[in-house]
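One line per chain: the protein sequences are D and A, in this order. Sequential numbering of the first sequence, starting at 0, is according to numbering that gives the first Met the number 0. Sequential numbering of the second sequence, starting at 0, is according to numbering that gives the first Met the number 0.
It is possible that some hints are incorrect.
[What the hints assert, rightly or not] Here are the simulated lysine-lysine pairs, DSS-like style, with alpha carbons at most 30 angstroms apart:
| hint | chain 1 | residue 1 | chain 2 | residue 2 |
| --- | --- | --- | --- | --- |
| 1 | D | K160 | A | K160 |
| 2 | D | K170 | D | K297 |
| 3 | D | K327 | A | K34 |
| 4 | A | K335 | A | K297 |
| 5 | D | K95 | A | K327 |
| 6 | A | K95 | D | K160 |
| 7 | D | K205 | D | K170 |
| 8 | A | K95 | D | K327 |
| 9 | A | K170 | A | K297 |
| 10 | D | K95 | D | K160 |
| 11 | A | K205 | A | K170 |
| 12 | A | K170 | D | K95 |
| 13 | A | K95 | A | K170 |
| 14 | A | K160 | A | K95 |
| 15 | D | K170 | D | K160 |
| 16 | A | K170 | A | K160 |
| 17 | A | K327 | D | K160 |
| 18 | A | K297 | A | K205 |
| 19 | D | K205 | D | K297 |
| 20 | D | K34 | D | K95 |
| 21 | D | K335 | D | K297 |
| 22 | A | K327 | A | K205 |
| 23 | D | K34 | A | K34 |
| 24 | D | K34 | D | K160 |
| 25 | D | K327 | A | K160 |
| 26 | D | K205 | D | K95 |
| 27 | A | K34 | A | K205 |
[To be verified] Quick partial rundown of chain A residues pointing at chain D, CB under 7 angstroms, derived from the structure:
| hint | residue |
| --- | --- |
| 28 | R119 |
| 29 | L148 |
| 30 | I153 |
| 31 | A155 |
| 32 | Y216 |
| 33 | Y340 |
| 34 | T358 |
| 35 | Q362 |
Keep in mind the hints are simulated off the structure, nothing from the lab. Built from N, CA and C at the ideal position, the CB exists for glycine as well.
The primary structure of each chain is shown beneath.
Number of protein chains: 2
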Amino acid sequence: MQTLSVDLGDRSYPIHIGAGLLDRADLILPHLAQKRVAIVTNTTVGPLYLDRLTATLSNAGVEVLPIVLPDGEVYKNWETLNLVFDALLTSRAERKTTLIALGGGVIGDITGYAAASYQRGVPFIQVPTTLLAQVDSSVGGKTGINHPLGKNMIGAFYQPKVVLADTDTLKTLPERELSAGLAEVIKYGLIRDLPFLDWLEANMDKLVARDAGALAYAILRSCENKAEVVAADERESGQRALLNLGHTFGHAIETGMGYGNWLHGEGVSAGTMLAADLSRRMGNITQADVDRIDALFKRANLPTVAPSLGADAYLSYMGVDKKVEAGKMRFVLFRKVGECYVTADAPAGLLRETLMNATGPAQG
Amino acid sequence: MQTLSVDLGDRSYPIHIGAGLLDRADLILPHLAQKRVAIVTNTTVGPLYLDRLTATLSNAGVEVLPIVLPDGEVYKNWETLNLVFDALLTSRAERKTTLIALGGGVIGDITGYAAASYQRGVPFIQVPTTLLAQVDSSVGGKTGINHPLGKNMIGAFYQPKVVLADTDTLKTLPERELSAGLAEVIKYGLIRDLPFLDWLEANMDKLVARDAGALAYAILRSCENKAEVVAADERESGQRALLNLGHTFGHAIETGMGYGNWLHGEGVSAGTMLAADLSRRMGNITQADVDRIDALFKRANLPTVAPSLGADAYLSYMGVDKKVEAGKMRFVLFRKVGECYVTADAPAGLLRETLMNATGPAQG
C-alpha cells in the first residue's frame, strides 16, 4: 500500500492506494466520528463489493446502512440524490454519521454532494472502484449532480476524510471504463508531467492489459499530480482549471450525444483532440505533436474524433459550461506537449474551424 | 446606519443596519465580483421592493436578473430551489454572478443554498426584509430547504458577502411576522444577555408599536449576539447550539401542525415555554422565572402554549431533528434566566411530563 496526502490545512486527508483495502477496517475507523455509516453504492458495484465492505465494518462494530442507487450517468440527478436523503432520514442518520461512497465517479459525486448537504454537512469517505474515480473524481472534493441544462451544474466543493483506492476492484472493471479512466491518466501527463507522459507511452500496453504494478504506479502518479494542483487551488480560481483539459469540449460532446451515451473519459479524449487541434491552428504545437497525442489515446482504446454536432451546437453546449466567464469562453490549450495553459482568447475563427473538424458520427 | 462585523477570518463580512439601505448601491458594489446579479425574491416582497433594489443596481451599471418565487414555508423545498437553478442556467449566470436574497427567512435560506450549490458556489448577499431575517436567519450562514421528513434537513453552511438590513422594510411587515421576529430577539436575551432582556421588558411596547429607534437597537443588539456566537462556533459543534433554544420543540410543533401553519418564531415561542417548563421540572428555574418569560412573549403577541400533539408524536417529530446525537436528544435548557446550556441528559420522565403539559389546540 502507498499513501499520499492532499494538503488542505485542517481539511487535509490521506489517499491510500493498494490491493485488498476493502478488508482494512483500520484505514477507516480513525476517520469515523461515530460507529455508524451509510454505504452508498449502485446496482452494478453493490453485488460485487457491498457485502465485503459491510463485513469489514460490521466486524469492527460499525453499524452499516446500505443505500443502493440505480447505475449510470443518467441517474446523476436530483431524484437519485433524494433517494439518499430519504434513506438517511428514514433511518435517522445523524450529523456524525459518515457517508461512504463505494463506486465510480457518479456514486462519488452524488454521495459527496449528499454528505455536503445532509443536515448541512456530514463526514464522508471515498472508496472509488473505477480507474477514473481512483485517479480523478475521488480526489479534490468536487461533488455534484447534473441539471437538464448542464452537467455538474449543482454541487459543492466538499473534501472527503480519506480516500481508499483498492486496486483489486479494477479486475472487474469493463474494458470501456478502464479506457475512460486512462483518458484522465493521460491528461496529467499532457498538462504538467512530461516524464509521466513518456512513462505512459512506454507502459500503455501493460496498463491496457491490467498489469497490477503498472496500474498502481499510474494511479499513484495521477493522484500526486491532482493532489498538488488541488492543494494549490482548491476552488479552481487559477491553475486547477488545467485539470479541465478536454472537458469544455468533452462536456459539449456528452451533452450533445445525450448524458451517458459517451463516457466522461471518452468525451475527455475526443475533447482533448479538439483542444490539440485548436492549439495547432494557433501555432502552439505541431501536427506531429497532435499525432503523438492521438496515438496514445488510440492505444488506450479511446475515441479521438469528436462527433459532428455542428459548430453552432458545440458553441451553444459550451455556453452554459461552468468555465464561462464574463461571456467569454475559457479553454485549456497546449503551450507544448506536457504543458497546458488557460486562456479566454482563443480566436473565434480558429475555434470554428476546429469545431468543423469534428467529423465523427453524431448518432449514438 | 450602524455596521458590525461577523468575524470568520477570510470569510468575515459586514452587517449594515439602518433606514434606506435599499437605495445604497455603494454598500453592494464593493462585494460584486462581476457587474451581474440575480435578485431572488417572492410574490409578496417582490411587488414592494424589487423595482427599487433593481433601480439602485441598474443605475450603478449592474445587470439584474429577477427571480420571483412563490411565498411561504411550504415552498421551501427542492422544487422551488430548482426554479432558481432553472433561471440561472437559462440566463447563463456564471461563477462570478452574485445572488441577492431579497425577502424573509425562507428566501434567504433558499437563495443561500442555491448560491452554495450553483456551479459549486457563487457569491451571495442577504437583504432581509423581515424582522426574523434581520435578527437571525440572514446572519451566520445557515442555508437550506425542508424535506418531507424534516425541516432544514438539506442545506449548507455558506456565508454571505454582506448583509443589508433596511429597517424601512419593517413598516410593511404584517403584525404576526413582526411578533415572530420578536421571538428570536427575546431569545438572545434569554440565552446569554440578561441586560438586553431587561431592556426588552422595558421597551416591548415600543417594539410592538414599531418605534424605529427601538427596532434598530433591538436588531443591532441581536446581530451582535449572533455574530459573537457564530464567530466562536461557525458549524455548531458547541455553543452555537444555544441559538436553538426552543427550536427542537418548535420544529416539532411546526412539523406536527404542518409546515407553514405556525410561523417559525411562533414555534420558537411556544417551544421555549416547553424548554422553560422542563428546566423548572429539573429544578433549574422557578415558576416565577417561567411566568416572567411567558409574560414577555405574550406582550410580543406570541403563543406560549404548545399544541397538544401528544408526547409520542412530539418525541417522534423530535427524533429526526438535526440536534440528535448518538440516539440521545439534545436540548437547550435554562440554567437561569439569561443563561442557557445544552444537554443530552434531560430525564425522560420529566420530558414526558413537559410534553403532556402542551395543551393548546392541535388543529390549525
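For each hint, the structure was consulted:
Note on K160(D) and K160(A): the hinted pairing holds, with a Cα-Cα distance of about 28 angstroms set against a maximum of 30 angstroms. With a C-alpha separation of about 22 angstroms, the suggested pair K170(D) and K297(D) falls inside the 30 angstroms cut-off, and the hint holds. With a CA separation close to 15 angstroms, the supplied pair K327(D) and K34(A) stays within the 30 angstroms bound. Only pairs whose Cα atoms come within 30 angstroms are accepted, and K335(A) paired with K297(A) is accepted, the gap being roughly 20 angstroms.
For the suggested pair K95(D) and K327(A), the alpha carbons sit about 13 angstroms apart, so the restraint of at most 30 angstroms is met. For the proposed pair K95(A) and K160(D), the alpha carbon gap of about 29 angstroms is at most 30 angstroms, so the pair holds. Distance restraint check for K205(D) and K170(D): the Cα-Cα separation of roughly 14 angstroms lies within the 30 angstroms cut-off, and the hinted pair is therefore satisfied. Our distance criterion of 30 angstroms between C-alpha atoms is met by K95(A) and K327(D), whose separation comes to about 13 angstroms.
A distance of roughly 22 angstroms separates the Cα atoms of K170(A) and K297(A); the hinted pair therefore holds under the 30 angstroms criterion. The hinted pair formed by K95(D) and K160(D) meets the criterion: a straight-line CA distance of about 13 angstroms does not exceed 30 angstroms. At most 30 angstroms may separate the alpha-carbon atoms for a hinted pair to count; K205(A) and K170(A) meet this at roughly 14 angstroms. In summary, the hint linking K170(A) to K95(D) is not supported, as the alpha carbons are separated by about 43 angstroms, beyond the 30 angstroms threshold.
A threshold of 30 angstroms between alpha carbons decides the hint, and for K95(A) with K170(A) the separation of about 33 angstroms lies outside it, so the pair is violated. Proximity of K160(A) to K95(A) is assessed by CA-CA distance (about 13 angstroms); at most 30 angstroms being required, the pair is judged to hold. Taking the CA atoms of K170(D) and K160(D), the gap is near 26 angstroms; set against the 30 angstroms cutoff, the hint holds. Among the hinted pairs, K170(A) with K160(A) is consistent with the structure: their alpha-carbon atoms are about 26 angstroms apart, no more than 30 angstroms.
With a C-alpha separation of about 25 angstroms, the suggested pairing of K327(A) with K160(D) holds against the 30 angstroms cut-off. Taking the CA atoms of K297(A) and K205(A), the gap is about 14 angstroms. The hint holds against a cut of 30 angstroms. The hinted pair formed by K205(D) and K297(D) meets the criterion: a straight-line CA distance of about 14 angstroms does not exceed 30 angstroms. As the CA atoms of K34(D) and K95(D) are separated by approximately 9 angstroms, the hinted pair is consistent with the 30 angstroms bound.
Under the criterion of a C-alpha separation no larger than 30 angstroms, the hint pairing K335(D) with K297(D) is consistent with the structure, at around 20 angstroms. Pair hint K327(A) plus K205(A) does not hold up; C-alpha atoms about 41 angstroms apart against a cutoff of 30 angstroms. Taking the CA atoms of K34(D) and K34(A), the gap is near 48 angstroms; set against the 30 angstroms cutoff, the hint is violated. Proposed proximity of K34(D) and K160(D) is supported: the alpha carbons are some 15 angstroms apart, at most 30 angstroms.
Using a Cα cut-off of 30 angstroms, the hinted pair K327(D) and K160(A) holds, with the two alpha carbons roughly 25 angstroms apart. Distance check on the hinted pair: K205(D) and K95(D) sit about 43 angstroms apart at the alpha-carbon level, beyond 30 angstroms; violated. For the given pair, K34(A) sits about 41 angstroms from K205(A) by alpha-carbon distance, which is inconsistent with the 30 angstroms threshold. The beta carbon of R119(A) is positioned within 7 angstroms of a beta carbon in chain D (closest approach about 5 angstroms), and the interface hint is therefore held.
At about 4 angstroms, the closest approach between the beta carbon of L148(A) and any beta carbon in chain D falls short of 7 angstroms, and the interface hint on this residue holds. Of the supplied interface hints, the one on I153(A) holds, with its beta-carbon coming within about 5 angstroms of a beta-carbon of chain D, less than 7 angstroms. Taken as an interface hint, A155(A) checks out: its beta carbon lies about 6 angstroms from the nearest beta carbon of chain D, inside 7 angstroms. Checking Y216(A) against chain D: minimum C-beta separation of about 31 angstroms lies over 7 angstroms; hint violated.
Given the 7 angstroms rule on beta carbons, the hint for Y340(A) is violated: about 19 angstroms separates it from the nearest Cβ of chain D. Hint status for T358(A): violated, given a least beta-carbon distance of 28 angstroms to chain D, over 7 angstroms. Nearest Cβ of chain D to the Cβ of Q362(A): about 26 angstroms, over the 7 angstroms cut. The hint is violated.
The structure fails to meet hints 12, 13, 22, 23, 26, 27, 32, 33, 34 and 35 from the earlier list, while all remaining hints are met.
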